[in-house]
Amino acid sequence: MLLAVAAGFILAVVAPFLAGWLRGWTGWLLAIYPAAVFAYLLTEMPQVAEGEAIRQSFAWAPSVGLNLSFRLDGLSQILALLISGIGTLVVIYTGGYLGGHQYAGRFYAFLLTFMASMLGVVFSDNLLLMFLFWELTGFTSYMLIGFESEKADARKAALQALLVTGSGGLILLAGVLMLGSLGGSFEISELLTRRDIIQQNPRAPWVLVLLLLGAFTKSAQFPFHFWLPNAMAAPTPASAYLHSSTMVKAGIYLMARIHVLFAGTDTWLYVVTTAGAITMVAGAYLAIRETYFKRLLAYTTMSVLGLITMLLGMGNSKYAVEAAMTFLVAHALYKAALFLVAGAVDHETGQRDIKNLGGLAKSMPLVAIAAGLSALSMAGVMGTFGFMAKELLFEAALHSTWYLVLTIAALVAGSLMVTVAALVGWQPFFGPRQEVLEHAHNGPLSLWLGPLVLSIFGLTVGIAPWILDGNVIAPAVSAVIGEPAKFHLALWHGFNLALLLDIVALAGGLALFFFITPIRDTLQRWDLSGRYGPTKWYEGALHGLNVVAAGQTRFLQNGYLRLYLLTIVLTTVILVGGVMLFSKALPPEIFTISDLQIHEVGLALIILVAAGMAVHASNRLSAIAALGVVGYGVGILYVMFGAPDLAITQFVIETLTVILFVLVFYRLEAYTPLSSTATRFRDLVISASAGALMTVLVLLAGEGQWFPTIAEYYNENSVPLAHGHNIVNVILVDFRGIDTMGEITVLAIAGLGVYALLNLRPEDREDKT
Amino acid sequence: MNSLILQTTTRLLQPLLLMFSVFLLLFGHNAPGGGFSGGLMAASAFALHTIAFDVAAAREALRVTPRQLIYIGLSMAVFSGMISLTMGKPFMTSIWAAIPLGQFGKLDVGTPLLFDLGVYSAVCGVTLLIVFSLAED
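Protein chains in written order, with the working numbering: chain W, 436 to 1204; chain V, 416 to 552.
Next comes chain W alone, as it looks inside the complex (with noise of 0.2 Å):
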């Protein structure tokens, strides 16, 4: 399993090199990644069909409780076959869809990525890993929304459901570190057996809705949902696979999760259920006045996610979570489809607009097919996967806590989906032919051959469930469950109130189809959610916040050096100075002097003098030379006190820093004083008190101890563990060496900062280092 994710990080690295040899042959080339992952879960399939997992550890940073741990049990082998299947298809498809795109290497390396991640989130058996590839996953979502990135509308989006996934990630992170505070472990094995220890704490609900935002804004889910369609100016191989398929499940593998540990609850009951079910009603609400092919197959993608959101919340019930983990399936194999027969269309016939299309059938035989067959399942029609699916979801409904308003959900997302996949599957092809559209054909083999091999799959599992239903779906919802589960899927169940209902969604939702027009364009002119929707919010907040963020950086970076030293200057005096005085924590003792060296008294002599000389001088050069004087001072009092890494170190400093004054005044023209007496007056209180305080905090810090000193382990132990006599350099590399790689870094940006401020000014564009 570490394989299988480093793997798809170093191809991704590789990739867009990889494009600019191949050309048109990288996606079937790198096709192989997903396929050999898809091969490896088929070879394990039998052991988690036993309801066994397989488990891997290798230590990261066991100090902080990061390990990286996989596991593979029927959640996550669920999840991680259809990335690994439909990502196949989708790097195919890409290959045909952007081929000979200037860019086609980057969107590989991004798709790669985020593959790699994805299945990282899923096989992650570490909480802080986890969350690591969760945040990886935002981050690529961002990039391959923002592909276009000479778009403004591609920006916008890719900034929206970053802000927002990313927003939620920052909560999950706070739900993931309290979880694993109170289960006592960060791996999710052994949390999982301790729902006890968890429930117990009254802290459990509040770690509950941590995470639930965090899956709740991954997963599209009301009202985080606005980002999902804005998200369609990726690149149609993104949408259908990050968009629909994998990415915004996510969220729906969290909650699946998290289920043995708080299913049951009354917050999970709540919260989930309700946010799940008004999700699934507004996303389909949403989706019928919308007539952009991605979009409208965006918001019935949401309106899915709330509907299997809506099953996980109903706790405790077999047929909920069944359901579930069957829609799951379902849905990513006809929405993907869907998704790719809508960038085939788009990409023959440059139309994204469904009322322009129609007729399509007879030049593009082999995508109607695919789009009828994805829409057949989608609308649950007798046969399909789709059927036994919703069949699966009104016996839950029919089961639940709050059975009657539920099933009416169910009953009109049901419809409305159903009207929706009449739009996508049937009018494009079958309906009106369209004029402008006479010179569309299938397109290439990568085109064609994903969107087919999808909805073939779909209904060959609508014709003999067996296939997925003991292999890949009972061992899920057992995983779901924390128990084992005997599942089988099965065309039939005889006349019953499910069948029914199915039967009355379908009537519905063909009904609504035939008026469709009037109906959007009421919908569009009332135009609701426009109005009111979280949309507004999300922009009001964006606005509040730039207002907020301008005006402050207006007061406090006002753009005068002097004045941003004399805010931090006074801040820390009044605040470390006003604590001091307050707790009275000033023991008179550390005042008195003693063993004072004539030698000392003499360095300290040439130190304040020279500052004075500083201060005091009629020109730069000497005021330079005088800090020098002062640093150096301070240098070889390091000497006296046994600290001569410090003492070479300060020399240098001294020097090199000398230099760059000398360099920056050299231009400068002739120092005139400025400053009003009075302005010097109030800084040389103002220096005076911060010298003061520093002297005071130096003296205390010297005087107490607060802590256990842990100078006595590196002193015992730099020779024997990090074979070095300098404790300093010991610490600086070995012991303490990821702080010190977080400085030069720190150290390099900055340095690049000055470069950049030097360098990059508008009039000169050229770059010269």
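No wet-lab data here; the hints were simulated from the structure. These figures come from a predicted structure and were not determined experimentally. It is possible that part of the hints are untrue.
Claimed, not checked - Incomplete in silico selection of chain V near chain W, CB under 8 Å:
no. : residue
1   : 447
2   : 489
3   : 541
As the list claims (entries may be wrong) - Computed beta-carbon distance windows for the label pairs:
no. : chain 1 : residue 1 : chain 2 : residue 2 : range
4   : W       : 587       : V       : 551       : 34 to 40 Å
5   : W       : 605       : V       : 551       : 38 to 44 Å
6   : V       : 512       : W       : 1119      : 44 to 50 Å
Stated by the list, open to error - Footprint (simulated), chain V over chain W, 3 or more residues, beta carbon under 8 Å:
no. : segment
7   : 703–713
8   : 1092–1103
9   : 1155–1161
Just so you know, even glycine gets a beta-carbon here, dropped at the ideal spot from N, CA and C.
Based on the hints, put chain V in the right spot on chain W.
Same frame as chain W, now just chain V:
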């Protein structure tokens, strides 16, 4: 600046400074010094070159650009931390090996040396990037 005295002295001093910077780097593990001060020392050698001649000459003497030094340094530091991963140990666990040197005893070599070399390179690169940028234009 065009001073013959400074230029001649620089020609003599610069190799010494650079040798001293490498000395600081290599001896840093057991005696005062290390990658940080070594890198600064190397940077100051080239800063001296900049003052004695000009930026173009100093760039030529450096051969690589300061930005390349930064990239090399950072990658080296990260790489040194990843070596331990291949041995199944956590990131940045130091790995040591002893190279036998016959009658001189043995030489301990470890990933922290590589890491320190990265620090050396990054620090030197950042300092020179700033010095060169300021001295130019």
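Hints, one by one, checked against the model:
no.: 1; hint: 447; in the structure: holds, 4 Å
no.: 2; hint: 489; in the structure: holds, 6 Å
no.: 3; hint: 541; in the structure: holds, 3 Å
no.: 4; hint: 587/W - 551/V: 34 to 40 Å; in the structure: holds, 36 Å
no.: 5; hint: 605/W - 551/V: 38 to 44 Å; in the structure: holds, 42 Å
no.: 6; hint: 512/V - 1119/W: 44 to 50 Å; in the structure: violated, 59 Å
no.: 7; hint: 703–713; in the structure: violated (count 0)
no.: 8; hint: 1092–1103; in the structure: holds (count 4)
no.: 9; hint: 1155–1161; in the structure: holds (count 5)
Hint check: violations occur at hints 6, 7; the rest are consistent with the structure.
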